[in-house]
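Residue strings, one per chain:
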Amino acid sequence: MTNELKLNQTVSVPQNKAPKKKKRIASLDKKKARAGWFFILPFLIGFVAVYLPIIFDSIKYSFSRIKIVSGEGFTIENVGFANYNEALFVNPDFVKTLVTGLKELAFDIPAIILFSLFMAVLLNQKMAGRAVFRAIFFIPVILSTGLMETINAANAVEEMMENESIADGTGESAAAQIVSAIDIEQLFSNMKVGTELVGYVVQMINDIYDIVNRSGVQMLIFLAGLQSISPAIYESCQMDGATGWETFWKITFPMISPMILVNAVYTIIDSFTTDSNTVMKFIANQYTATNGQEVSSAMAWMYFLIVILIVAIFAAIFSAFVFYQRKD
Amino acid sequence: MNAQESMAPKIKKETKNKIKVEFERTPLKERLKAKFINTAFIGNVVWYLFRFILLVGIAYIVLFPFYSKIAGSFMSKEDFVDVTVMLIPKHFSLDIYKFILLENNYFQAFGNTLLLAGSTALIQTFICCLIAYGLAKFKFKGAKLIFGAVILTMVVPHQTLQLSLFMHFRFFDVFGILGFLSGNASVGNVEWLNNILASINIFGDGGTSKLLQGLVADGGINLNNTFWPLIVLSLTGLAFKNGLYIFLLRQFFRGVPDELEESAYIDGSGTFRTFIQIILPLSIPMMITVFLFAFSWQWTDDFYTKLFFTTTKTVLMPDVVAIPKSLETNYAGQNLYYPAIRNTCGLLIMLPLIIMYLFCQKFLVQGIERSGLTAD
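Here the protein sequences come in this chain order: A and B. Read in my numbering, the first sequence has 53 at position 53, and its numbers run on one by one without any break. Here my numbering = 1-based position in the second sequence + 328.
Some hints could be false.
What the hints assert, rightly or not - With the Cβ distance kept under 10 Å, some of the chain B side facing chain A (calculated, not the full set):
1) N345
2) G470
3) H496
4) L561
5) N570
6) M678
As the list claims (entries may be wrong) - Straight line, CA to CA, 30 Å or less: simulated DSS-like cross-link-like pairs of lysine-lysine:
7) B:K338 to A:K31
8) A:K60 to A:K281
9) B:K472 to A:K60
10) A:K31 to B:K467
11) A:K126 to A:K281
12) A:K60 to B:K634
13) A:K126 to B:K363
14) B:K363 to B:K397
15) A:K96 to A:K250
16) B:K405 to B:K426
17) B:K641 to A:K281
18) B:K361 to A:K126
19) B:K338 to B:K363
20) B:K338 to B:K357
21) A:K31 to B:K472
22) A:K281 to B:K653
23) B:K338 to B:K361
24) A:K281 to B:K469
25) B:K472 to A:K32
26) B:K641 to B:K653
27) B:K426 to B:K641
28) B:K467 to A:K32
29) B:K653 to B:K418
30) B:K361 to B:K340
31) B:K357 to B:K346
32) A:K30 to B:K469
33) A:K60 to A:K31
34) A:K32 to B:K469
35) B:K467 to A:K30
36) B:K363 to A:K30
37) B:K426 to B:K690
38) B:K690 to A:K126
39) A:K96 to B:K634
40) B:K357 to B:K341
Don't read these hints as lab results, they were simulated from the structure. Just so it is clear, CB atoms sit at the ideal spot from N, CA and C, and this is done for glycine as well.
Isolated chain A (complex conformation):
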């Protein structure tokens, strides 16, 4: 009897609970979703409890004056757009620095992207000593940040003074320069190409040290992207008799184009937030001036908005040309 009853029940379970089963699946998904929230919990707490207040405060400070009252902490007085006004119209250098900084950005980004893509393609080829070259090229990622930049900047000032003092002499201390710019200009002037292009290339070669130093992470990202292209595609390309040049433009370039977008955005962000950036240096200097803390906050926010706008426009335009391989 009991057995039969049980049997009946077990048999009838799937029919009766069919809608419930669906619910069960949903609840499993929910469980997984809950686990997801658990994993991102540290960030969520930090973002809400630490980061948002900091951002909010920073925006608030850019609209106010802070007075430190001895013994009582500080008072904040709302002054409206006075700080922005001062940054834009009173401060003689801010707008000028902003324009130069953005010009530098326009120069740097294509140079870094081109260079890192080129180097990644080279370092991806099989050759003797590849590991050694890779190790050398990634040194700057680790070593030329923060403190080293500060040291270089401090040295540059003194070395410039030294150069000025012996400029009429032998000029031996300019030996640090790798190639003389005049040589390159002569080389290119014979080639009958536009002067803008010549200027660009000359500047690129003169800044090569800077560019090499700043394209480490980009190189890594490109390398990773190149590694993920299936070798079968290259093989079939070779079978069809494509040359290396054609393979690069028809296969490598489209496949790597998402990485170009990622790298471009990363480079824009990275190069406008480094300490060696012209505008950043200017803002950091302002920090120590009278009322500078609030004015520099205002400047930093304006600069930030401009660059976000640039990133957004760039990403919107470029993402139209990006090729995504359809995944099955």
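On the provided structure of chain A, position chain B as indicated by the hints.
Structure of chain B alone, referenced to chain A:
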């Protein structure tokens, strides 16, 4: 008949396993000619040479500054005014090293920075793995929003937040809870409520703890000049470039096949245990990469250390960069001598990183290569 026989290979020697045959070959000279003198081969050679020279040249650009710094660090004062001394020191001396190590608190700074960078890098690596795994493998509402927030933390330059970061950790408090508990909260001009709020104080007069005394007096804990600001930022995945780590790790975890976790779930493992026992061991090269980045960027950081460490009580790496008193000079070569001293400070700071890099660099490429980065 005869001709055919002569064309057929002649057997010279035959054993059980081997057979030696003689047949007519094209002469060696012509074979070599066919192999080496054609456009494809020459093109290849030219390309190899070009590539090699290019790589060596760029390697030179990367390495030359290090060489000139090392050379400068062994020079004595006289070498800096001597025009004939370029890259090889004439008067070899270890003075610069000696005085930096003796007078700039190098070893103290080394210990402190090791503790700071080591702890924050470990925390950052683990926390970023957690967050990235959560974002990569779980589908829940708002995941995209959270990822957007991660990108936002990467995008907002830290200089923008300089002042508020300092203020936040000078008067550290979470939503005014600590202020409320210590009787420093106030609600506008409602006096009776303010009186009640002021009477709440679970900390008393703060006792012997300096932190608590500061809390009662200022309405916030002064965390500056301690490791806590950086540890709090690391624990919440907000420290320097953590957005980048989360991005890289997220891409890596997306490449890990779902079947691995599914089989673990079927075997009765929970999500967290699966993460610790299955996913983390898989991602060791990537984790080493992130650790390497986090450690060395914290090691050479001077923005956060200068911001949060306002007194000289805790000696950290940025404090090492100074001209030692015994080396101060009004000598003619000062403008070249001081940079050389600073460069030597830089070399001493970088030395542990270089050693670490030599051991870890193979993971750096490996980790990234295996990540199968895709941009979608």
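Hint-by-hint comparison with the structure:
1. N345: Violated, because the Cβ-Cβ distance from B:N345 to chain A comes to roughly 35 Å (cut-off 10 Å).
2. G470: holds (9 Å)
3. H496: holds (5 Å)
4. L561: Because about 7 Å separates B:L561 from the closest Cβ in chain A, which is inside the 10 Å limit, the hint holds.
5. N570: Interface hint status for B:N570: holds (9 Å vs cutoff 10 Å).
6. M678: This interface hint holds because 6 Å falls under the 10 Å limit.
7. B:K338 to A:K31: violated (78 Å)
8. A:K60 to A:K281: holds (22 Å)
9. B:K472 to A:K60: holds (28 Å)
10. A:K31 to B:K467: Given pair A:K31, B:K467 holds - Cα atoms ~11 Å apart, limit 30 Å.
11. A:K126 to A:K281: Violated, at roughly 42 Å.
12. A:K60 to B:K634: holds (23 Å)
13. A:K126 to B:K363: holds (21 Å)
14. B:K363 to B:K397: Roughly 47 Å between the alpha carbons, so the hint for B:K363 and B:K397 is violated.
15. A:K96 to A:K250: The given pair, whose Cα atoms are some 43 Å apart, is violated under the 30 Å limit.
16. B:K405 to B:K426: Roughly 14 Å between the alpha carbons, so the hint for B:K405 and B:K426 holds.
17. B:K641 to A:K281: Holds, at about 27 Å.
18. B:K361 to A:K126: Satisfied, since the Cα-Cα distance of roughly 26 Å is no more than 30 Å.
19. B:K338 to B:K363: holds (27 Å)
20. B:K338 to B:K357: holds (23 Å)
21. A:K31 to B:K472: holds (18 Å)
22. A:K281 to B:K653: Since the Cα atoms of A:K281 and B:K653 sit roughly 29 Å apart, the hinted pair holds (cutoff 30 Å).
23. B:K338 to B:K361: OK: B:K338 and B:K361 at ~27 Å, within 30 Å.
24. A:K281 to B:K469: violated (40 Å)
25. B:K472 to A:K32: OK: B:K472 and A:K32 at ~16 Å, within 30 Å.
26. B:K641 to B:K653: holds (19 Å)
27. B:K426 to B:K641: Satisfied, since the Cα-Cα distance of roughly 23 Å is no more than 30 Å.
28. B:K467 to A:K32: Distance of about 8 Å is within 30 Å: holds.
29. B:K653 to B:K418: With Cα atoms ~24 Å apart, B:K653 and B:K418 stay inside 30 Å; holds.
30. B:K361 to B:K340: holds (29 Å)
31. B:K357 to B:K346: holds (28 Å)
32. A:K30 to B:K469: Holds: A:K30 and B:K469 sit about 10 Å apart, inside 30 Å.
33. A:K60 to A:K31: Cα-Cα ~40 Å, so violated.
34. A:K32 to B:K469: Between A:K32 and B:K469 the Cα gap is close to 12 Å, so the pair holds against 30 Å.
35. B:K467 to A:K30: Distance of about 9 Å is within 30 Å: holds.
36. B:K363 to A:K30: Cα-Cα ~66 Å, so violated.
37. B:K426 to B:K690: Violated: B:K426 and B:K690 sit about 34 Å apart, past 30 Å.
38. B:K690 to A:K126: holds (16 Å)
39. A:K96 to B:K634: At roughly 28 Å apart (the allowed maximum being 30 Å), B:K634 and A:K96 satisfy the hint.
40. B:K357 to B:K341: holds (27 Å)
Taken one by one, the earlier hints fail for this structure at numbers 1, 7, 11, 14, 15, 24, 33, 36, 37, listed in ascending order.
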